[in-house]
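Model the full structure from these sequences, guided by the hints.
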Amino acid sequence: MKSIAKLLLLLIISISFIYFMHTKNILDVKSLAYAIENNKKYLLLISILQLLNCLFMTLRYHSLLKIFSIKTNLQNVTAATFVSNGIGLWMPGSLAIIEVIRISLMLGAHYQKTDNYSNMTQIKNTNLAELAAKSKLAAASLFDRLIGFFVMLFFGSITTFIIYLQTIHLNDTLYSKNLLFLFSLSFILMLIIIVVPFLAKSIYFRRFLERVERLILTTFKSGKMHLFFKKIFSEINSLLDVISLGIRSIRSFLGPIIYSFICLIMAVFGTYYSSIAISNPIPLHAIFATVSILSIASLIPMGFGGVGGMQLVAVVLFSIFGISPQAASSAQLLQTSVNLLAITGVGLLFARLSAGQIRAILDARKKETVVS
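The sequence shown stops at residue 372 when you use full-length UniProt numbering, and every number in between is there.
No more than 30 Å apart at the CA atoms, straight line, and that leaves these computed lysine-lysine pairs for DSSO-like:
| hint | residue 1 | residue 2 |
| --- | --- | --- |
| 1 | Lys-71 | Lys-201 |
| 2 | Lys-66 | Lys-201 |
| 3 | Lys-230 | Lys-201 |
| 4 | Lys-24 | Lys-40 |
| 5 | Lys-30 | Lys-41 |
| 6 | Lys-177 | Lys-24 |
Since the hints were made in silico from the structure, they are not lab data.
Being a predicted model, the structure only gives us computed values, none of them experimental.
Listed below in structure tokens is the structure:
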């Protein structure tokens, strides 16, 4: 009931955001109606680009699974990716939800490959194998997102910096300051993605973090603050363990980086053709500069299916480049809607294959309960 209540609350928030944007003339409903009625070819093109984007995300994830020595066929990875996206895109904080669902489905594929077991020793061995599989899948999923964000932030930083250099001689100081802020934000986030994996592998950093944890937990010996900090450090250590598991030669990540670049191109042109569909084109350089921050923003629950909150984020980001609120919000909403319908439709086609993975998880849990 709590989950249903949360979804209803987010749905109300989404409707409220849309109503607010419509009443304040931020969202142009007429342009959306025009795109649906007269520019169906662009809607089809946007859906194809999104499906291709999801396909190359599948190839990126499959290549990462190989790096982490997880043996699975491409069919299972494709089904898990499309089904998780088809469900997760509707949820708040969609990127995080997608990864949770995808890991669960991939774990189901792992169960399907394991032999039947009937005694406690076999169950213990299987549980150990499951923990190892979970760790590797979590590492692969984390690096899948980190590499995707890194590529988007890299090209976003370059694009923003080039535009900033071109505007230095102008008298518009506010425009230059906003560009510099966007560049700094993208560049700092990119540096964090680069540095964190090496810190996770550093013994000295882990020892330093352990001392900080001990000091804080000693200061707060009991109560809610103690539990809060204990939970925080537990999550940080788990995250660093997962990241350190993925540190390999940079060359091994060349394939996923190439796939991420292709995904970036698909996402950028998806937004671009959405703006053309509403007859209010957004320059490509503005989309390249902002797509990374928009993607990271999808981690935050801001409405049902990314509708409402994400459009307000798009309005703020695109305003830096002088894009009208109507163009930014309408193009983003149109792309979000088409993406949801396209991915959900294909996700339903793969749901039958994923049903076997779900049954494998449930059967494994039942066997554990019966034997124990």
